[in-house]
Structures are given as C-alpha cells and as structure tokens.
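Student: The lines below spell out each chain.
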Amino acid sequence: MTAAVQVAGLGKRYGKKWALQDATFDLPAGRVCGLVGANGAGKTTLLRMLAGLSKPTAGSAIVEGRVPGDEVDFLSEVGYLAQEVPLYVRWTAEDHLRMGAALNPGWDDKGARDRLESLGIPFDQRVGTLSGGQRAQVALAIALSKKPSVLLLDEPVAALDPLARRDFLSTLTEAVADTDLTVILSTHLVSDLERVCDHLVVLDAAHTMLAEGVDEVMATHRLLTAARRDIRDLERDHTVLRVEQTPRQVSVWVKLEGPVHDPLWQVSELGLEDIVLAYLDRGRRAAGRATLQEVTA
Amino acid sequence: MLMFHLASRSSLPPYAQLVEQVRQALLTGILRPGDRLPTVKEVAGALAVNPNTVSKAYRDLEREGLVEGRQGVGTFVVRRPDGPPPMVQAQLAKGLNTWIGKARTAGLSDPDIESMLRSTLRASRDEAIA
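So the protein sequences, as listed, match chains S and D. Going by this note's numbering, the first sequence opens with residue 1, and the numbers climb by one from there. Going by this note's numbering, the second sequence opens with residue 1, and the numbers climb by one from there.
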C-alpha cells in the first residue's frame, strides 16, 4: 500500500515552545484518518505544515510524494479547510465557484454545482447570510472540486449543529466513495470517528501516541478486569494505558502486544471512543506529572 | 431498496451492523434473491459512514455466498442465509415480542431484559457444549 502522507520526526517550535514534537506516522492512500488530541496537542500545527502553510522546525513531511510548499502543482494536489471556514462573506457561492474555476486547473465545476444544488444552497446569496452548515458545505464543495488527492480538514464540524454535521460528513463520505481521496480530519467529536474514519492518529502533548488503521486499533485494545492484584506482568508484556483500582478490583486498559496468558484476567472489547479517551487521559496525566516534576525540581 | 441504519450506541461495530441488517432483511423476506443492494456510495452518503466500511460488509456477505458483486452493475442477492423460512421467523419474533411484553409488565427494564437474554443465551450455549 502506498503512503499518501509520510511524517517523520516532524516538529514545530514557536519561540521556546514546541507546538508539535516528533510526530511520526504513515497514512495509506484512500484512508479517512481521524486526527484526535486535546486542545494544544498540535493538530492545527500538523495540518498547516501538511498543507504547506507553515515550515517544519524539525523532521520531514511528504504529501503525495512532495515536500509541502506553495508551488502550484503541490497546491492542486492538496485541499485544506481551516477551522474558521475560509470564505469571503460578501461573495456569493457563485462568485466562489467562478474564482475556483479560474484558479484551479482540473476544476470540477459540475461536481460543485450538483453538490450545492442537491443540498438546496442558493448560489446568488452572500455566503455571510447563509447558515453555518451551508457555509461549511460551500467550502467543502469548493475544496472537493479542486479534485485534490489529499484533503485536510481542521475541525470542520465543531461549530455545526448535529444535523448539519451529519450532512457535512455525508458529503464527505460520498466523495470518498467516488474517488481515491485521502482525508485527514481533526476532530473533538469522538463519536463521529467510528463511523467516518478508518484510520486514527492520536496526538498528545505534541507527540504521536497512536497511528493505525481503526480495524487494528479495535483488534489490539482491550479492557482487562480482575480481583485486585499486581499488574507488573501486564506492564511487562503489553502497553498499559490506564489503570483504575478499587480496594477489591482492578481494571486495566491495554494495548495488547500478544495474547493474555493469565486466565484470571477477564478480557473485554473496547469501543473506539473508550480507546481514544484512554490515550487522551494518559496524555493528560503524563503532562500533569511533568509539571509536578518541574515544580519539585 | 434496503434502508440501512446505524446505532451509534451499539456494541457491534458499524460494518457488522450492516452485515446483520442484510442478513435480517434476507431472513424476514424484505430482501429476496435477485434484489440489488444499494451502492457503496449510496450507503456512504445516506449514513455518513466510511465507504470502506460498506465495502467490507459487502465482502463479508459475498464470502458467505449471500450476495454477489457484478462488475459495474452492483451487488445482488443470491440466496437466503440458512435458517427458518420467513413465516417461522415471524412467528418466533412474535413469540419473543410477547415474552418481552411480559418481562416489562413484571418490571424489568430494557437493559435488564438484554442482559437476561445474553446470560441465558450464554448458559444454554455452555449446556450444549457440556
């Protein structure tokens, strides 16, 4: 499988602070990848570097075989939707489509118009007067009509109501079905992940914690429960993400590196949401410890 | 045309839910041999679900020999899964429905009913093995 996006040791520093550090993952072509992480985990920084809008301080990124930059042939391969939907509020959808057609070589004008028409979005109204959901749809239609190989979406649905969110994701999944489009979608809405994404990258405190296909993620993560006991064996054989103990019971969220031999552990499956939360929780606790050490040092 | 739906709070992953729904539709006679399943794109758009999830579900059904993909035309139903005919299926569902009514009247909540069903299933499976 060819990688559409390859990121190795990628980092970005603003002044003394690293906004992203040591991000490393490959994303196979044709995947829809959920990019998850707490606020400040570096999601936007990563996407901006992949879009060629910002230069790495360390490491490298390759998108569709190219180093991201501002050359025309790179920009025509990559679509990017920033968090604040990048439209001119005084322009109509029609104005945006005309500009898109003028600026982009392989522009799919019919595709864009069909999409907006089927959603009942008026072409002749200033986009500033459209609803948030409609504006997001206009921006998505424009990004898709460039016919990019890679589409980068920075929290596109965060500000939308549930129905508009579902419509937006429908447009996206339908477009993916039609083409070999690779998508990276940063989101806080873990519930959308399982439905829309087949790949997952979890960023935490500026590091990559997990970058795998959703199927593999689901197959390798388990919740182990038992009467309270020592967990050192588990820690030696597997990656322990989270431990919860009561005086009588212990529950351990693990990434399995092999079979669980000890029959005393009761093994149950975890939902994608539980897995993501376990990683984010671990990141937060690790960050808490780091701050504590700085204080005591 | 079959209408799929996805429950986000289901314990089954999305692709397994789709497989399950086709199997159910075949068992109950909603789908019959020769019927065309909606295209991957149609399902992806209707449910806002990853198209690979839909393809995976269709591949599973194909491996079971229930449906068949025809290049450029679509995916078609070949046969019903092994199981009782729709009439028997409907009677069993009716019987279960009556039982559920009784359980609710007796004060069991839906989660109580589900867990009773699960544990009874497990127990009867263990009995069959032993």
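Rather than coming from a laboratory, the hints here were simulated on the basis of the structure. It cannot be assumed that every hint is accurate.
Taking lysine-lysine and the BS3-like style, the derived pairs with C-alpha atoms no more than 25 Å apart in a straight line are [claimed, not checked]: (1) D:Lys41 to D:Lys56; (2) S:Lys147 to D:Lys41; (3) S:Lys110 to D:Lys56; (4) S:Lys17 to S:Lys55; (5) S:Lys55 to S:Lys16; (6) S:Lys55 to S:Lys110.
Student: Would the hint linking Lys110 (chain S) and Lys56 (chain D) be met if the CA-CA limit is 25 Å?
Tutor: violated, 30 Å
Student: Would the pair Lys55 (chain S) and Lys110 (chain S) pass a check requiring their Cα atoms to be no farther apart than 25 Å?
Tutor: Between Lys55 (chain S) and Lys110 (chain S) the Cα gap is close to 35 Å, so the pair fails against 25 Å, i.e. violated.
Student: Given the hinted pair Lys41 (chain D) and Lys56 (chain D), is their alpha-carbon gap at most 25 Å?
Tutor: Holds: Lys41 (chain D) and Lys56 (chain D) sit about 13 Å apart, inside 25 Å.
Student: With the threshold set at 25 Å, check whether the alpha-carbon distance from Lys17 (chain S) to Lys55 (chain S) stays at or below it.
Tutor: holds, 15 Å
Student: Within a Cα-Cα threshold of 25 Å, do Lys147 (chain S) and Lys41 (chain D) meet the stated pairing?
Tutor: holds, 17 Å
Student: CA of Lys55 (chain S) to CA of Lys16 (chain S), is that 25 Å or under?
Tutor: Since the Cα atoms of Lys55 (chain S) and Lys16 (chain S) sit roughly 16 Å apart, the hinted pair holds (cutoff 25 Å).
In summary, the structure is inconsistent with hints 3, 6 from the numbered list given earlier, while agreeing with the others.
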